[in-house]
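Its first residue numbered 105, the sequence shown is counted upward by one per residue in this note's numbering.
Note that these hints are calculated values from the structure, not bench results.
Label pairs and their calculated CB-CB ranges:
id	residue 1	residue 2	range
1	G224	Q130	24 to 32 Å
2	P184	G164	31 to 39 Å
3	L223	G128	23 to 31 Å
By construction, the Cβ of each residue, glycine as well, lies at the ideal position given by its N, Cα and C atoms.
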Amino acid sequence: KIQSQSTSNPTSISQKAAIEAYNGPQDFIAMVLPAFDERRRYIVKALNNIPGVSCFTPTGAFYAFPQVKELLSRNFNGQPVESSLNLCALLLDEAKIAAVPGEAFGAPGYLRLSYATSLGNIKNGMERLADFVKRLG
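Using the sequences and the hints, build the whole thing.
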């Protein structure tokens, strides 16, 4: 019983699907790569234009991992931000932005943001993030 709760693996059907995805036609990947590249370039540029935020261009999956350490010394409506965990809660409540705190990855002072959505959603989210940061004291 302990073993089943401490380890996991992909189901057999997922393993078969992965084999087919790897060995099958790759035209879908060629079709979506330019869109993901455009989204990645946009989110990185937008994040780097927000004071107190810096972001390297990701080279892996569809996540940006901006540093937000400068924002953690600030406050929102008199409430200290203090951690990326608190910042994520504020972003969700106040700006309707879902982010994962860097603490979940052993990297306090960072956020994980997905760009696996439309460019329009990313633009809207980055505008809301920039507006939220302007409201920090």
